[in-house]
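Assemble chains B, C and D onto chain A, guided by the hints.
There are 4 protein chains.
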Amino acid sequence: MNIMTMLTGSRRNGNSEYLAARALQNIDHRNVYLLDHRMEPVVDMRHAEEGFPETGDDYEALLEEFLRQDVIVFAVPLYWFGMPGQLKIFFDRWTQYMRDSRFDFNERIRGKKAYVIITGSSPDPKIASLPLIQQFNYLFEYVGMEFVDYIIANGNKPEEVLNDPFALAKMDLWNEQLKAAKREDA
Amino acid sequence: MNIMTMLTGSRRNGNSEYLAARALQNIDHRNVYLLDHRMEPVVDMRHAEEGFPETGDDYEALLEEFLRQDVIVFAVPLYWFGMPGQLKIFFDRWTQYMRDSRFDFNERIRGKKAYVIITGSSPDPKIASLPLIQQFNYLFEYVGMEFVDYIIANGNKPEEVLNDPFALAKMDLWNEQLKAAKREDA
Amino acid sequence: MNIMTMLTGSRRNGNSEYLAARALQNIDHRNVYLLDHRMEPVVDMRHAEEGFPETGDDYEALLEEFLRQDVIVFAVPLYWFGMPGQLKIFFDRWTQYMRDSRFDFNERIRGKKAYVIITGSSPDPKIASLPLIQQFNYLFEYVGMEFVDYIIANGNKPEEVLNDPFALAKMDLWNEQLKAAKREDA
Amino acid sequence: MNIMTMLTGSRRNGNSEYLAARALQNIDHRNVYLLDHRMEPVVDMRHAEEGFPETGDDYEALLEEFLRQDVIVFAVPLYWFGMPGQLKIFFDRWTQYMRDSRFDFNERIRGKKAYVIITGSSPDPKIASLPLIQQFNYLFEYVGMEFVDYIIANGNKPEEVLNDPFALAKMDLWNEQLKAAKREDA
Numbered sequence: 001m002n003i004m005t006m007l008t009g010s011r012r013n014g015n016s017e018y019l020a021a022r023a024l025q026n027i028d029h030r031n032v033y034l035l036d037h038r039m040e041p042v043v044d045m046r047h048a049e050e051g052f053p054e055t056g057d058d059y060e061a062l063l064e065e066f067l068r069q070d071v072i073v074f075a076v077p078l079y080w081f082g083m084p085g086q087l088k089i090f091f092d093r094w095t096q097y098m099r100d101s102r103f104d105f106n107e108r109i110r111g112k113k114a115y116v117i118i119t120g121s122s123p124d125p126k127i128a129s130l131p132l133i134q135q136f137n138y139l140f141e142y143v144g145m146e147f148v149d150y151i152i153a154n155g156n157k158p159e160e161v162l163n164d165p166f167a168l169a170k171m172d173l174w175n176e177q178l179k180a181a182k183r184e185d186a
Numbered sequence: 001m002n003i004m005t006m007l008t009g010s011r012r013n014g015n016s017e018y019l020a021a022r023a024l025q026n027i028d029h030r031n032v033y034l035l036d037h038r039m040e041p042v043v044d045m046r047h048a049e050e051g052f053p054e055t056g057d058d059y060e061a062l063l064e065e066f067l068r069q070d071v072i073v074f075a076v077p078l079y080w081f082g083m084p085g086q087l088k089i090f091f092d093r094w095t096q097y098m099r100d101s102r103f104d105f106n107e108r109i110r111g112k113k114a115y116v117i118i119t120g121s122s123p124d125p126k127i128a129s130l131p132l133i134q135q136f137n138y139l140f141e142y143v144g145m146e147f148v149d150y151i152i153a154n155g156n157k158p159e160e161v162l163n164d165p166f167a168l169a170k171m172d173l174w175n176e177q178l179k180a181a182k183r184e185d186a
Numbered sequence: 001m002n003i004m005t006m007l008t009g010s011r012r013n014g015n016s017e018y019l020a021a022r023a024l025q026n027i028d029h030r031n032v033y034l035l036d037h038r039m040e041p042v043v044d045m046r047h048a049e050e051g052f053p054e055t056g057d058d059y060e061a062l063l064e065e066f067l068r069q070d071v072i073v074f075a076v077p078l079y080w081f082g083m084p085g086q087l088k089i090f091f092d093r094w095t096q097y098m099r100d101s102r103f104d105f106n107e108r109i110r111g112k113k114a115y116v117i118i119t120g121s122s123p124d125p126k127i128a129s130l131p132l133i134q135q136f137n138y139l140f141e142y143v144g145m146e147f148v149d150y151i152i153a154n155g156n157k158p159e160e161v162l163n164d165p166f167a168l169a170k171m172d173l174w175n176e177q178l179k180a181a182k183r184e185d186a
Numbered sequence: 001m002n003i004m005t006m007l008t009g010s011r012r013n014g015n016s017e018y019l020a021a022r023a024l025q026n027i028d029h030r031n032v033y034l035l036d037h038r039m040e041p042v043v044d045m046r047h048a049e050e051g052f053p054e055t056g057d058d059y060e061a062l063l064e065e066f067l068r069q070d071v072i073v074f075a076v077p078l079y080w081f082g083m084p085g086q087l088k089i090f091f092d093r094w095t096q097y098m099r100d101s102r103f104d105f106n107e108r109i110r111g112k113k114a115y116v117i118i119t120g121s122s123p124d125p126k127i128a129s130l131p132l133i134q135q136f137n138y139l140f141e142y143v144g145m146e147f148v149d150y151i152i153a154n155g156n157k158p159e160e161v162l163n164d165p166f167a168l169a170k171m172d173l174w175n176e177q178l179k180a181a182k183r184e185d186a
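Chains as they are written, first to last, in the UniProt record's numbering: chain A, 1 to 186; chain B, 1 to 186; chain C, 1 to 186; chain D, 1 to 186.
In isolation and in its complexed conformation, chain A is listed as follows:
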């Protein structure tokens, strides 16, 4: 069972990253910092004869890595009431690769398990991030991924999330759940 965190914020050691690490404590997994990967925005060529352009960026390697996973934990600081632009570009590019036979995207994406960690502080993220949860749900449903669970945690300044006991408790429960899944899989 392959597990990956997708760390989508724009600074290292943020609150969402802390929670992802806690959920995966003592579990073998891979961490991907989205900002380490150069990704061009999608150029929509679905209706053009010449097709999608070659970009030469890091996207294809990243996508291949993503498609090798069974479980993805998305660590998402709430930016302007939504996901960071870089993560959105990651999804936008799917439009191209769904149509690229080299990747077998539609088949491989089905059934992957998604966990979503959202962190924010003001305005209150437990309300302000609900449209984002709904967006993730539509998106996962559309490609056949399973939206296992989400947490909306309080934290903006470094390490602030340590003051959110429910978020910590939930990460510990995810940790147990994922450990059990790993054992079953072995």
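Calculated directly from the structure, the hints in this document are not laboratory data. A few of these clues could be false.
Label-pair ranges, simulated between beta-carbon atoms [as the list claims (entries may be wrong)]:
# : chain 1 : residue 1 : chain 2 : residue 2 : range
1 : A       : D58       : B       : G144      : 31 to 39 Å
2 : B       : Y33       : C       : E40       : 58 to 66 Å
3 : D       : D124      : A       : E176      : 19 to 27 Å
4 : C       : R108      : A       : D58       : 51 to 59 Å
5 : A       : D100      : C       : R30       : 48 to 56 Å
Calculated pairs, DSSO-like style, for lysine-lysine (alpha carbon to alpha carbon, straight line, at most 30 Å) [to be verified]:
#  : chain 1 : residue 1 : chain 2 : residue 2
6  : C       : K112      : D       : K126
7  : B       : K157      : C       : K113
8  : B       : K179      : A       : K112
9  : A       : K157      : D       : K126
10 : A       : K179      : D       : K126
11 : D       : K113      : A       : K126
12 : B       : K182      : C       : K113
13 : D       : K182      : A       : K182
14 : A       : K113      : D       : K182
15 : B       : K157      : C       : K126
16 : C       : K126      : D       : K112
17 : C       : K182      : B       : K112
18 : B       : K182      : A       : K126
19 : A       : K157      : D       : K157
20 : C       : K112      : B       : K182
21 : D       : K157      : A       : K113
22 : C       : K113      : B       : K126
23 : D       : K113      : C       : K126
24 : B       : K126      : C       : K126
25 : D       : K126      : B       : K126
26 : A       : K126      : B       : K112
27 : B       : K126      : C       : K112
28 : A       : K126      : B       : K126
29 : C       : K157      : B       : K179
30 : A       : K113      : B       : K126
31 : D       : K182      : A       : K126
32 : D       : K179      : A       : K126
33 : C       : K113      : D       : K126
34 : B       : K126      : C       : K179
35 : B       : K113      : C       : K126
36 : D       : K157      : A       : K112
37 : D       : K179      : A       : K157
38 : B       : K157      : C       : K157
39 : C       : K126      : B       : K182
40 : A       : K126      : C       : K112
Bear in mind that the values here come from a model prediction, so they are computed numbers and not experimental data. Note that the Cβ used here is the ideal one computed from N, Cα and C, for glycine as well.
Relative to the frame of chain A, chains B, C and D by itself:
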């Protein structure tokens, strides 16, 4: 009264662009194609001593243009149940420039009028784009912009939106409204 | 083709009722004022041996009427950011009648077409009623009804909706659509 | 500090009731079963000269009890993607009593703390109840109540919620929080 369209899709002559043009027919305005502007993702340095980095991209000129407007018509094709990643990066960077005294961002942004055009086809955008409408609403509210109105129109393939009579009727009504506002302003 | 309006507000001649009448102008249909029907709240006896109680109220006749329709236009003033309590009780009772073989509920409800008219004024209904639209969508989807379209109109005081040209234009478009459907059906 | 549970489901000993009891274990409070109170739907007479009618039902006593509280824990089974009709009627009637000087509604309601427990099973309540959370948020905001927190728990059949460790953990945290508040208040 300065009016601008913000064309955020990844191809020219899309359905949302068509509707924006119709809303602004015979009204003096400026068109901005977001993809013509190179924008780096935000790097969050709010909590770092050295502050935000210089990016040298097209963002500052674009933001200055934006801040000169009174009315902005956002033309937004629905991508993966949200706004295109490039538009999200445009907003994400506000986090930096709200704190940059050269721009007087917080003062100048207040009271700007926003119109939002969303186009999509399947899944049905009149439902699938509701989280995005909610996100725009939170976002505009947060900075003190006025969310005048939105339309959710049916259209994906080139010119498909011409088959959505309600969207066309609404653009014609916006056109009257904006013409009247221009006259009053003159 | 049977068409019915479900008038769910708590006063006669409200704005949502006006719009429903406009959508159905010169189209044969039946009007149901929900408040004219005595309906007890649901008592959940799904997990009790004795089953659901007899209520002796007007619900069964109303439900039978509803199930005879092909198209239902719901006229819904926004009350406290949701549907009126009486309309909610109408839906809540479905829990009982889905399980009552006399009604053949699950079979007959499938494929019915729903139009939803929401009216409100302050806070701005184009945002404040989005959760209600989402609720209607889930609900119709669950039983297999088709959510054809909705309008969110501005109007609270008597006849205020006459000042909302978008809403009037949309009702006229629904009227054409429904007339065409009637002709095809004949 | 007065604390009340508002038990809004249509059967006794449901899952939401269990969670509310757990949150308030060993804390002095009052339980109100909404179904024990006869409440007529609102009749909207805001725009009529004769004003609102006398109903002679249990509403005024219930409202007075509600207004005496500092903290209200709403226990809400998800019915048809929303709150039970009876709870909606409780809120709908506020429209009348906001205008009734005997109650001093607008002043007394401000600052009350609301906790919301939602339980459901299928479709998955962590998504299906998001519109309801948004509705509660708008509603509390409108009258100036504080929406302290919510839990969305899995449970439909009797005692099913005992299998949701996240929900139980959160109730225990609320219990600590409320005990601390009681102590401070004493």
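For each hint, the structure was consulted:
1. Between D58 (chain A) and G144 (chain B) the beta carbons are some 38 Å apart, a value that agrees with the proposed interval 31 to 39 Å.
2. Here the CB-CB span from Y33 (chain B) to E40 (chain C) is close to 59 Å, well matched to the stated 58 to 66 Å.
3. The hinted range of 19 to 27 Å is satisfied by D124 (chain D) and E176 (chain A), whose Cβ atoms lie roughly 20 Å apart.
4. Taking the beta carbon of each, R108 (chain C) and D58 (chain A) are about 55 Å apart, inside 51 to 59 Å as hinted.
5. The hinted range of 48 to 56 Å is satisfied by D100 (chain A) and R30 (chain C), whose Cβ atoms lie roughly 54 Å apart.
6. In summary, the hint linking K112 (chain C) to K126 (chain D) is supported, as the alpha carbons are separated by about 28 Å, within the 30 Å threshold.
7. The suggested pairing of K157 (chain B) with K113 (chain C) holds, with an alpha-carbon distance near 26 Å, which does not exceed 30 Å.
8. Distance check on the hinted pair: K179 (chain B) and K112 (chain A) sit about 51 Å apart at the alpha-carbon level, beyond 30 Å; violated.
9. Taking the CA atoms of K157 (chain A) and K126 (chain D), the gap is about 27 Å. The hint holds against a cut of 30 Å.
10. Annotation: proposed proximity of K179 (chain A) to K126 (chain D) holds, straight-line Cα distance about 23 Å (limit 30 Å).
11. Restraint check for K113 (chain D) and K126 (chain A): satisfied, since their Cα atoms lie roughly 16 Å apart, inside the 30 Å limit.
12. With a C-alpha separation of about 42 Å, the suggested pairing of K182 (chain B) with K113 (chain C) is violated against the 30 Å cut-off.
13. For the given pair, K182 (chain D) sits about 44 Å from K182 (chain A) by alpha-carbon distance, which is inconsistent with the 30 Å threshold.
14. For the suggested pair K113 (chain A) and K182 (chain D), the alpha carbons sit about 42 Å apart, so the restraint of at most 30 Å is broken.
15. With a C-alpha separation of about 27 Å, the suggested pair K157 (chain B) and K126 (chain C) falls inside the 30 Å cut-off, and the hint holds.
16. Of the supplied pair hints, the one linking K126 (chain C) and K112 (chain D) holds, its CA atoms being roughly 28 Å apart against a limit of 30 Å.
17. The straight-line distance between the Cα atoms of K182 (chain C) and K112 (chain B) is roughly 46 Å, outside the 30 Å bound, and the hint therefore fails.
18. Pair hint K182 (chain B) plus K126 (chain A) does not hold up; C-alpha atoms about 41 Å apart against a cutoff of 30 Å.
19. Restraint check for K157 (chain A) and K157 (chain D): the C-alpha separation of about 42 Å exceeds 30 Å, so the hint is violated.
20. A hinted pair counts as satisfied when its Cα atoms are at most 30 Å apart, and K112 (chain C) with K182 (chain B) does not qualify at roughly 46 Å.
21. Under the criterion of a C-alpha separation no larger than 30 Å, the hint pairing K157 (chain D) with K113 (chain A) is consistent with the structure, at around 26 Å.
22. Taking the CA atoms of K113 (chain C) and K126 (chain B), the gap is near 16 Å; set against the 30 Å cutoff, the hint holds.
23. With a CA separation close to 28 Å, the supplied pair K113 (chain D) and K126 (chain C) stays within the 30 Å bound.
24. Between K126 (chain B) and K126 (chain C), the direct Cα distance comes to roughly 13 Å. Compliance with the 30 Å bound is thereby established for this hinted pair.
25. A threshold of 30 Å between alpha carbons decides the hint, and for K126 (chain D) with K126 (chain B) the separation of about 22 Å falls inside it, so the pair holds.
26. With a CA separation close to 28 Å, the supplied pair K126 (chain A) and K112 (chain B) stays within the 30 Å bound.
27. Taking the CA atoms of K126 (chain B) and K112 (chain C), the gap is near 19 Å; set against the 30 Å cutoff, the hint holds.
28. Between the alpha carbons of K126 (chain A) and K126 (chain B) the distance comes to roughly 25 Å, so the proposed pair stays at or under 30 Å and holds.
29. In summary, the hint linking K157 (chain C) to K179 (chain B) is supported, as the alpha carbons are separated by about 28 Å, within the 30 Å threshold.
30. Simply put, K113 (chain A) and K126 (chain B) have alpha-carbon atoms about 28 Å apart, close enough for the 30 Å limit, and the pair holds.
31. In summary, the hint linking K182 (chain D) to K126 (chain A) is supported, as the alpha carbons are separated by about 25 Å, within the 30 Å threshold.
32. Distance check on the hinted pair: K179 (chain D) and K126 (chain A) sit about 23 Å apart at the alpha-carbon level, within 30 Å; holds.
33. Distance hint between K113 (chain C) and K126 (chain D) is fulfilled; the C-alpha atoms sit about 28 Å from each other, no more than 30 Å.
34. For the hint linking K126 (chain B) to K179 (chain C), the alpha-carbon distance of about 23 Å falls within 30 Å, and the restraint holds.
35. For the hint linking K113 (chain B) to K126 (chain C), the alpha-carbon distance of about 16 Å falls within 30 Å, and the restraint holds.
36. The straight-line distance between the Cα atoms of K157 (chain D) and K112 (chain A) is roughly 29 Å, inside the 30 Å bound, and the hint therefore holds.
37. Among the hinted pairs, K179 (chain D) with K157 (chain A) is consistent with the structure: their alpha-carbon atoms are about 28 Å apart, no more than 30 Å.
38. For a cut-off of 30 Å, the pair hint linking K157 (chain B) to K157 (chain C) is broken: about 42 Å separates their Cα positions.
39. Of the pairs offered as hints, the one joining K126 (chain C) and K182 (chain B) holds, with about 25 Å between alpha carbons and a cut-off of 30 Å not exceeded.
40. For the hint linking K126 (chain A) to K112 (chain C), the alpha-carbon distance of about 36 Å lies beyond 30 Å, and the restraint is violated.
Checked against the numbered hints above, the structure violates hints 8, 12, 13, 14, 17, 18, 19, 20, 38 and 40; every other hint is satisfied.
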